[in-house]
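As you go down the protein sequences, you meet chains H and A in turn.
Read left to right, the first sequence gives residues -3 to 108 (our numbering).
Read left to right, the second sequence gives residues 67 to 181 (our numbering).
Calculated from the structure, these hints are not laboratory results.
Where hints are given, some of them may not hold.
[Stated by the list, open to error] Selected chain A positions facing chain H (in silico; Cβ < 8 Å):
#	residue
1	M92
2	F131
3	Q170
4	G175
No residue lacks a Cβ here, since even glycine has one placed at the ideal position from N, Cα and C.
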Amino acid sequence: GENVEQHPSTLSVQEGDSAVIKCTYSDSASNYFPWYKQELGKRPQLIIDIRSNVGEKKDQRIAVTLNKTAKHFSLHITETQPEDSAVYFCAAITGTASKLTFGTGTRLQVTL
Amino acid sequence: NAGVMQNPRHLVRRRGQEARLRCSPMKGHSHVYWYRQLPEEGLKFMVYLQKENIIDESGMPKERFSAEFPKEGPSILRIQQVVRGDSAAYFCASSPTIAGTDTQYFGPGTRLTVL
């Protein structure tokens, strides 16, 4: 089955700096890669996703890159703000499986 | 368009009791997924259902756990004879019927505490 690894487990940045979170996956058949943001006690909220037919996607301050050859994808947050502080999860879906396999999460702390 | 609904939001059970968790998918969504999140951990897939069918239950323990998604009404995750290790947040997600649309939207979760 699919296995997703995520690094780092914690990340502290100053307000205005960029944050990068990296994930690797094991199943070359995986074709959909969402990123979720989860605040304490809240539901996972989809913030951006990418499919295997594109290499990069951007939405305002958030971007995701995908390297299919290396089987890794990354989340980039620019101009971080205190409200970006949360736990971020990457995930992957293999086409026939439909279930999401999650990474272990990255706790992002944006300090003033 | 209401999002994914789950109830109850918090559930307290004593060891040996039964827990029933309910999930109503978003309007127009016929795919339902259940995930479990232990404290300070990531989400783990449990089961994937469509109306009246269990598609994939590979992540669900063989004993004590069952799930259904009837033709009418919400999807239900049932845990019999709960133990302390069942304490977790249980999230339901739904996705549309359209083939190739994989985006899953999560409900607010049910936080189960077993005393």
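Against the structure, the hints:
Because the closest C-beta pair between M92 of chain A and chain H is about 12 Å apart, greater than 8 Å, the hint is violated. Residue-level restraint check for F131 of chain A is violated (minimum Cβ-Cβ distance to chain H is 16 Å; threshold 8 Å). Below 8 Å, beta-carbon pairs count as interface contacts, and Q170 of chain A has one with chain H at about 6 Å; its hint therefore holds. Interface hint at G175 of chain A: satisfied, since its Cβ lies 6 Å from the closest Cβ of chain H, which is below the 8 Å cut-off.
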